[in-house]
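According to the working numbering, numbering within the sequence shown proceeds without interruption in unit steps and concludes at 497.
Hints in this document: simulated from the structure, not taken from any laboratory.
A hint or two may mislead.
[Unchecked claim] Here are the in silico distance ranges between beta carbons for each label pair:
1. Asn481 <-> Glu428: 26 to 36 Å
2. Leu491 <-> Ala449: 24 to 34 Å
3. Thr458 <-> Glu434: 22 to 32 Å
4. Asn481 <-> Val453: 21 to 31 Å
5. Arg430 <-> Gly483: 24 to 34 Å
6. Leu491 <-> Arg436: 25 to 35 Å
7. Arg436 <-> Gly492: 29 to 39 Å
8. Ile456 <-> Glu489: 26 to 36 Å
9. Glu493 <-> Val440: 20 to 30 Å
10. Ser448 <-> Val475: 35 to 45 Å
11. Leu491 <-> Thr438: 47 to 57 Å
12. Ser454 <-> Asn481: 46 to 56 Å
13. Glu455 <-> Tyr433: 10 to 20 Å
[Said to hold, decoys possible] Heads up, simulated DMTMM-like pairs for lysine to aspartate or glutamate below, C-alpha to C-alpha not over 25 Å straight-line:
14. Lys472 <-> Glu489
15. Lys472 <-> Glu486
16. Lys472 <-> Glu493
Note that the structure is a prediction, hence the values are computed from the model and not measured.
Every residue, glycine too, gets a C-beta built ideally from N, C-alpha and C.
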Amino acid sequence: MEDRGSYECRATSVTGKTASMSAFVNVSEIYTRTTTDLEWRFRNVKCLVDSYCLNGGKCEFIEVLGEHMCR
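Let the sequences and hints guide you as you build the complete structure.
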């Protein structure tokens, strides 16, 4: 597969300290998500906190993430 290979992540802090980590990634098959897959995982329910959103936004709670969001 095309994405197979060695990957490295490097970071430098504001103090100049560096850190890195590398890994070899082998892709054995490609998984294609369907709309159905995403629908159940990101099912939203109405917020219990009415004042969460400003300017008329509609609040929803994303169950799988445990987070509120505004539309």
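Evaluated hints:
| no. | hint | result |
| --- | --- | --- |
| 1 | Asn481 <-> Glu428: 26 to 36 Å | 44 Å, violated |
| 2 | Leu491 <-> Ala449: 24 to 34 Å | 25 Å, holds |
| 3 | Thr458 <-> Glu434: 22 to 32 Å | 28 Å, holds |
| 4 | Asn481 <-> Val453: 21 to 31 Å | 44 Å, violated |
| 5 | Arg430 <-> Gly483: 24 to 34 Å | 43 Å, violated |
| 6 | Leu491 <-> Arg436: 25 to 35 Å | 28 Å, holds |
| 7 | Arg436 <-> Gly492: 29 to 39 Å | 31 Å, holds |
| 8 | Ile456 <-> Glu489: 26 to 36 Å | 28 Å, holds |
| 9 | Glu493 <-> Val440: 20 to 30 Å | 28 Å, holds |
| 10 | Ser448 <-> Val475: 35 to 45 Å | 43 Å, holds |
| 11 | Leu491 <-> Thr438: 47 to 57 Å | 30 Å, violated |
| 12 | Ser454 <-> Asn481: 46 to 56 Å | 47 Å, holds |
| 13 | Glu455 <-> Tyr433: 10 to 20 Å | 19 Å, holds |
| 14 | Lys472 <-> Glu489 | 10 Å, holds |
| 15 | Lys472 <-> Glu486 | 5 Å, holds |
| 16 | Lys472 <-> Glu493 | 12 Å, holds |
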